[in-house]
Amino acid sequence: MSVAEGRTEEASDVRPARPSRMRFGHPRSPLAWLRPAVWLPPAVMLAVLAALWSWGARRLPYLLPPLRDVGSSLTGNPGYYLHNALATLGEAAAGLGLGFAGAFVLAVLTSELLLVRRAVMPVAVVLNVTPVVAIAPALVVAFGFGPAPKLIITGLICFFPILINTATGLRSVPQEVLHVYRSIDAGRIEVLWHLRVPYALPYVFAALRIVFPLSVIGAVVAEMSAAGSTRGLGTAISVASSMNQLPVVYASIAVLALMGVALLLAVTLVERRVLHWHDSAKD
Amino acid sequence: MRRAYGAGRSATVALDDVELTVPPGRFVSLIGPSGCGKSTLLRIVAGLEQPDRGEVLVHGVAPAEACAAKMVGLVPQSPALLPWLSVLRNVTLPQRLNSGAARRRERIPGLAAREAAAPARTVQELLAAAGLGESLHKLPAELSGGMRQRVAIVRAFALRPDVLVMDEPFSALDELTRESLQDQLLALWEEWRTTVLFVTHSVTEAVRLSDTVVVMARGPGRIVETVGIDLPRPRDEGLMRERRFHAYEDLVRDRLRRAWHSEAA
Ligand SMILES: Nc1ncnc2c1ncn2[C@@H]1O[C@H](COP(=O)(O)OP(=O)(O)OP(=O)(O)O)[C@@H](O)[C@H]1O
Ligand SMILES: [Mg+2]
Numbered sequence: 001m002s003v004a005e006g007r008t009e010e011a012s013d014v015r016p017a018r019p020s021r022m023r024f025g026h027p028r029s030p031l032a033w034l035r036p037a038v039w040l041p042p043a044v045m046l047a048v049l050a051a052l053w054s055w056g057a058r059r060l061p062y063l064l065p066p067l068r069d070v071g072s073s074l075t076g077n078p079g080y081y082l083h084n085a086l087a088t089l090g091e092a093a094a095g096l097g098l099g100f101a102g103a104f105v106l107a108v109l110t111s112e113l114l115l116v117r118r119a120v121m122p123v124a125v126v127l128n129v130t131p132v133v134a135i136a137p138a139l140v141v142a143f144g145f146g147p148a149p150k151l152i153i154t155g156l157i158c159f160f161p162i163l164i165n166t167a168t169g170l171r172s173v174p175q176e177v178l179h180v181y182r183s184i185d186a187g188r189i190e191v192l193w194h195l196r197v198p199y200a201l202p203y204v205f206a207a208l209r210i211v212f213p214l215s216v217i218g219a220v221v222a223e224m225s226a227a228g229s230t231r232g233l234g235t236a237i238s239v240a241s242s243m244n245q246l247p248v249v250y251a252s253i254a255v256l257a258l259m260g261v262a263l264l265l266a267v268t269l270v271e272r273r274v275l276h277w278h279d280s281a282k283d
Numbered sequence: 001m002r003r004a005y006g007a008g009r010s011a012t013v014a015l016d017d018v019e020l021t022v023p024p025g026r027f028v029s030l031i032g033p034s035g036c037g038k039s040t041l042l043r044i045v046a047g048l049e050q051p052d053r054g055e056v057l058v059h060g061v062a063p064a065e066a067c068a069a070k071m072v073g074l075v076p077q078s079p080a081l082l083p084w085l086s087v088l089r090n091v092t093l094p095q096r097l098n099s100g101a102a103r104r105r106e107r108i109p110g111l112a113a114r115e116a117a118a119p120a121r122t123v124q125e126l127l128a129a130a131g132l133g134e135s136l137h138k139l140p141a142e143l144s145g146g147m148r149q150r151v152a153i154v155r156a157f158a159l160r161p162d163v164l165v166m167d168e169p170f171s172a173l174d175e176l177t178r179e180s181l182q183d184q185l186l187a188l189w190e191e192w193r194t195t196v197l198f199v200t201h202s203v204t205e206a207v208r209l210s211d212t213v214v215v216m217a218r219g220p221g222r223i224v225e226t227v228g229i230d231l232p233r234p235r236d237e238g239l240m241r242e243r244r245f246h247a248y249e250d251l252v253r254d255r256l257r258r259a260w261h262s263e264a265a
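Just so you know, the protein sequences line up as chains A and W, in that order.
Position 108 of the first sequence, counted from 1, bears residue number 108 in full-length UniProt numbering, the numbering being contiguous throughout.
Position 39 of the second sequence, counted from 1, bears residue number 39 in full-length UniProt numbering, the numbering being contiguous throughout.
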């Protein structure tokens with residue numbers, strides 16, 4: 001039995017990310033990695049990429065630093081990267097938290113009040129496809145180099161995907177389930193809490209998987225736009241590139257990639273626990 | 001009573017001039033061609049829709065009031081269980097919600113007496129009687145289709161409803177499962193004697209379960225015939241092989257065919 005079963009309340013007018021089976025994001029059983037069929041292909045792929053990189057680094061030294069230098073920059077000064085990574089992560093998490101709280105509340109309002117839904121959803125759909133990051137420089141001008149523009153950017157980036165997915169999820173309760181609970185005259189809050197919110201959870205997690213990496217991008221772009229900021233991987237990258245320290249640039253990018261993977265893993269683990277009843281959590 | 005969807009010339013008249021009185025404690029089946037408004041009628045009785053004209057009373061009160069007092073037990077075509085709740089919690093959740101219903105029930109005339117007549121059974125006993133004693137803590141996904149529908153039936157009975165409203169609850173099940181669920185429904189009902197409105201497409205099912213079979217036709221949806229089923233209860237398999245059972249089946253089938261032709265004419 002899945003959430004998709006049965007007719008749902010209304011054909012939705014927006015296309016949210018479906019809470020589907022996401023094989024790619026799911027770590028399988030750790031033991032599976034012992035099988036060569038599992039670890040060999042990505043290992044070969046990595047080796048090929050590393051070879052290509054080394055070849056490129058010899059041909060274009062002003063674009064690609066030798067991998068060795070990137071590695072020694074990381075191992076030589078781990079405190080520097082950790083410090084900046086935590087700063088970026090903190091901004092991303094705070095912005096995500098704000099965006100999530102706002103989007104969730106608004107999504108509940110759209111599901112409960114038709115007028116709000118009619119007013120908000122078309123605008124949300126347009127803003128969702130607008131590259132909100134682009135206002136980062138303007139925000140820096142308006143709010144200075146402090147944390148405010150970073151929080152606003154990451155918050156805004158996360159806001160619309162979460163709003164659209166949660167609003168759709170809240171309305172994904174199958175018609176017949178609603179009928180049963182309306183026939184006992186369950187209250188609106190009861191329906192919201194016992195039916196709508198649980199049915200929305202798979203949609204919320206689908207949104208989180210999209211939004212976690214986006215929040216990091218938002219934080220990095222905001223740091224890069226604020227020329228005077230002192231912390232964060234975005235700052236580290238822009239400072240290092242202006243001083244032509246290519247290994248530092250790529251080491252920072254590698255740390256960002258690791259951060260993205262760790263965040264995705266974290267969402268997946270939480271989702272598996274919370275949504276153990278849902279198809280997407282069983283793999 | 002009349003119910004139309006849409007307005008003006010494009011309107012679909014789902015039900016027109018429908019009048020039906022069901023004595024308390026009767027098992028009544030509705031049968032008729034697809035689109036004749038059976039589900040619409042049930043939705044109106046269950047307070048999910050309002051008629052455009054006319055009135056529906058459930059034990060003397062309007063459907064909305066009956067729902068507010070949790071007098072209506074609805075069993076839809078699909079089990080409509082919540083996939084994250086165990087069997088037990090799926091059954092008890094509707095009991096816990098709308099807690100004001102208990103107070104409203106006291107004000108419904110005659111309800112207290114009817115309730116006193118119903119057997120006092122705990123949810124666990126009900127589930128055990130339905131063969132779900134081992135599955136109390138399983139999730140719906142771990143059950144077969146027939147078991148899920150049993151849970152849906154127990155969920156309705158556990159409300160101690162005055163009226164049970166069932167819309168093709170067994171239509172998605174295979175023949176054998178369906179018969180065993182009919183057995184269980186009849187066993188529960190004979191103990192309980194609550195009023196039942198049961199929609200089905202199966203003549204055999206209608207004759208087996210009901211005191212009264214209501215035959216409907218469409219265009220617009222209306223009642224064409226009411227057939228009383230005068231067979232002894234309990235109705236076991238032996239009865240289903242008897243001549244008088246088949247005679248009733250033939251009678252209902254004949255009336256259905258006539259309803260079909262009357263709309264073609
Ligand atoms: N929400 C709706 N909007 C418009 N028309 C509707 C709606 N619900 C039902 N109808 C129409 O009302 C008529 C009766 O529908 P209903 O579902 O009550 O039929 P039914 O007897 O239950 O059919 P079935 O046996 O196929 O379940 C049909 O013509 C249907 O198209
Ligand atoms: Mg129907």
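By construction, these hints were calculated from the structure, which means they are not laboratory data.
Just so you know, these numbers come straight off a predicted model, no measurement behind them.
Keep in mind that the hints are not guaranteed to be accurate.
As the list claims (entries may be wrong) - Footprint (simulated), chain W over chain A, 3 or more residues, beta carbon under 8 Å: (1) 231-238; (2) 258-267.
Said to hold, decoys possible - To list a few chain W residues with every Cβ distance to chain A over 12 Å, as calculated: (3) Cys67; (4) Val72; (5) Pro79; (6) Gln95; (7) Leu97; (8) Val123; (9) Pro140; (10) Asp167; (11) Ile223; (12) Ala247.
Said to hold, decoys possible - Just so you have them, the derived chain A footprint on chain W, three or more residues with Cβ under 8 Å: (13) 44-54; (14) 188-201.
All residues carry an ideal CB built from backbone N, CA and C; glycine is no exception.
Outcome of the hint check:
no. : hint    : result
1   : 231-238 : violated (count 0)
2   : 258-267 : violated (count 0)
3   : Cys67   : violated (4 Å)
4   : Val72   : violated (5 Å)
5   : Pro79   : violated (8 Å)
6   : Gln95   : violated (9 Å)
7   : Leu97   : violated (4 Å)
8   : Val123  : holds (15 Å)
9   : Pro140  : violated (5 Å)
10  : Asp167  : violated (9 Å)
11  : Ile223  : holds (23 Å)
12  : Ala247  : holds (36 Å)
13  : 44-54   : holds (count 3)
14  : 188-201 : violated (count 0)
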